[in-house]
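Listed below are the residues making up each chain.
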Amino acid sequence: MTAILGKKLGMTQIFGEGGRMIPVTVIEAQPGCVVEVKTLKKHGYEAVRVGFFEVRKEKKVNKPSAGIFKKAGTKPYKVLKELQTSGLKVGDLVTVEGFSKGDMVSVSGISKGKGFQGVMKRHNFKGGPGSHGSMFNRAPGSIGASSYPSRVWKNQGMPGHMGSENVTVKNLKVVDVRENLLLIRGAVPGAKNTVIEIRKES
Amino acid sequence: MDMIKVVEEGYKRELPPFNIGDTVKVFTKVVEGDKERIQLFEGVVIARKGGGIRETFMVRKVSFGIGVERIFPLHSPSIDRINVIRRGSVKRAKLYYIRTKKGKGAKIKEQERRTPA
Numbered sequence: 001m002t003a004i005l006g007k008k009l010g011m012t013q014i015f016g017e018g019g020r021m022i023p024v025t026v027i028e029a030q031p032g033c034v035v036e037v038k039t040l041k042k043h044g045y046e047a048v049r050v051g052f053f054e055v056r057k058e059k060k061v062n063k064p065s066a067g068i069f070k071k072a073g074t075k076p077y078k079v080l081k082e083l084q085t086s087g088l089k090v091g092d093l094v095t096v097e098g099f100s101k102g103d104m105v106s107v108s109g110i111s112k113g114k115g116f117q118g119v120m121k122r123h124n125f126k127g128g129p130g131s132h133g134s135m136f137n138r139a140p141g142s143i144g145a146s147s148y149p150s151r152v153w154k155n156q157g158m159p160g161h162m163g164s165e166n167v168t169v170k171n172l173k174v175v176d177v178r179e180n181l182l183l184i185r186g187a188v189p190g191a192k193n194t195v196i197e198i199r200k201e202s
Numbered sequence: 203m204d205m206i207k208v209v210e211e212g213y214k215r216e217l218p219p220f221n222i223g224d225t226v227k228v229f230t231k232v233v234e235g236d237k238e239r240i241q242l243f244e245g246v247v248i249a250r251k252g253g254g255i256r257e258t259f260m261v262r263k264v265s266f267g268i269g270v271e272r273i274f275p276l277h278s279p280s281i282d283r284i285n286v287i288r289r290g291s292v293k294r295a296k297l298y299y300i301r302t303k304k305g306k307g308a309k310i311k312e313q314e315r316r317t318p319a
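Just so you know, the sequences run in chain order A and B.
In terms of the working numbering, the first sequence is residues 1 to 202.
In terms of the working numbering, the second sequence is residues 203 to 319.
Hint data in this document are derived by calculation from the structure and do not stem from the laboratory.
Warning: the hint list may mix true and false statements.
So the derived label-pair ranges between C-beta atoms look like this [stated by the list, open to error]:
#1 ARG256/B / PHE53/A: 24 to 32 Å
#2 GLY254/B / ASN180/A: 16 to 24 Å
#3 GLY253/B / GLU201/A: 36 to 44 Å
#4 LYS121/A / VAL233/B: 40 to 48 Å
#5 SER280/B / GLN117/A: 39 to 47 Å
#6 GLU58/A / GLY254/B: 32 to 40 Å
#7 ASP236/B / GLU201/A: 34 to 42 Å
#8 ASN171/A / ARG256/B: 20 to 28 Å
#9 LYS41/A / ARG256/B: 52 to 60 Å
Take a look, some chain B residues computed to stay more than 12 Å from chain A by CB distance [what the hints assert, rightly or not]:
#10 ILE222
#11 GLU244
#12 ARG256
#13 VAL270
#14 ARG301
#15 GLY307
Just so you know, even glycine gets a beta-carbon here, dropped at the ideal spot from N, CA and C.
Kindly generate the complete structure, drawing on both the sequences and the hints.
So this is what it looks like as structure tokens:
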């Protein structure tokens with residue numbers, strides 16, 4: 001599995017083959033550094049712990065995490081992420097070069113927060129008629145039957161907090177790979193400057 | 203935002219500058235089967251919309267008495283070249299009003315050439 005963390009910069013359009021317009025998300029992915037290698041023997045599984053988003057001022061790293069980077073002998077990073085790959089050593093760099101044009105990737109990130117929302121926006125309920133004396137506009141309506149089951153079923157859609165949750169979009173195409181930059185066709189979860197994970201499932 | 207501009211800049215094209223009211227010839231590449239040929243569309247630029255790589259322009263011509271309008275993405279690689287035939291002098295950024303005009307009303311005054319300094 002090839003994976004990298006990046007920062008969503010925003011969307012734009014580019015021209016592809018035959019003058020076709022392609023909507024793309026631009027993701028900035030600076031190289032990450034392997035901080036720790038987890039082995040089957042010691043930890044029970046194989047993975048590497050990679051630091052992303054270099055911290056320039058050492059003062060900004062708190063003491064517990066500063067210890068991790070001191071032990072590894074690397075620069076301090078803002079985000080630590082475990083990637084399930086093997087064959088990397090401490091100090092190795094994880095870069096966008098693991099991806100190439102035409103790859104299909106999965107992209108995960110925290111979606112935009114929508115706050116407290118009603119059932120129409122949150123669960124795609126139909127709502128009621130807008131006019132003609134209707135007093136049932138955006139309400140959820142009945143939430144269950146009476147004597148049986150005498151309670152509300154689990155998973156009944158209700159108003160509540162929407163967004164700010166981890167969302168994965170699968171099968172997005174990598175349109176271009178540049179220096180620390182990934183262009184991915186289509187939309188990606190989250191607002192600008194959101195930390196997102198790009199994975200190539202093999 | 204900066205890197206997005208850099209990405210867009212790489213796809214921009216250099217075309218002769220033209221304005222609303224100008225009469226232009228747009229040569230577009232058309233692919234038919236496996237052959238590519240050049241198609242011509244000549245008319246008045248009646249609108250320019252959008253910015254950056256997204257910018258488009260609308261060209262109107264009257265073909266056999268029927269008005270035909272085409273919108274081209276300004277930086278599209280399928281535009282081979284653009285020739286500006288006539289500079290028009292107009293007071294509006296969008297010339298949608300000429301759709302309802304006929305004959306003299308649909309005419310656009312030619313811009314007087316600025317004397318070279």
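Comparing the hints with the structure gives:
Remark: the range hint 24 to 32 Å for ARG256/B to PHE53/A is upheld by a beta-carbon distance near 30 Å. At roughly 22 Å, the beta-carbon separation of GLY254/B and ASN180/A lies within the given 16 to 24 Å, and the hint holds. Taking the beta carbon of each, GLY253/B and GLU201/A are about 38 Å apart, inside 36 to 44 Å as hinted. Our hint of 40 to 48 Å for LYS121/A and VAL233/B holds, since their Cβ atoms are close to 43 Å apart.
The hinted range of 39 to 47 Å is satisfied by SER280/B and GLN117/A, whose Cβ atoms lie roughly 43 Å apart. Between GLU58/A and GLY254/B the beta carbons are some 39 Å apart, a value that agrees with the proposed interval 32 to 40 Å. One distance hint, 34 to 42 Å for the beta-carbon pair ASP236/B and GLU201/A, holds here, with the actual separation near 35 Å. Between ASN171/A and ARG256/B, the C-beta spacing of about 26 Å keeps the proposed range 20 to 28 Å intact.
Our hint of 52 to 60 Å for LYS41/A and ARG256/B holds, since their Cβ atoms are close to 55 Å apart. Distance check for ILE222/B against chain A: the nearest CB is about 23 Å away, which clears 12 Å, and the non-interface claim stands. Distance to chain A confirms GLU244/B as a non-interface residue, since its nearest Cβ pair spans about 20 Å, more than 12 Å. The claim that ARG256/B lies off the interface is violated: its Cβ sits roughly 6 Å from the closest Cβ of chain A, which falls inside the 12 Å cut-off.
A cut-off of 12 Å between C-beta atoms confirms that VAL270/B is not in contact with chain A; the least separation is 20 Å. At the 12 Å boundary, the C-beta of ARG301/B stays outside the reach of chain A, the nearest C-beta of that chain being 26 Å off. Every CB of chain A lies more than 12 Å from the CB of GLY307/B, the least distance being 36 Å, so the non-interface label holds.
Hint violations for this structure: number 12 only, all remaining hints satisfied.
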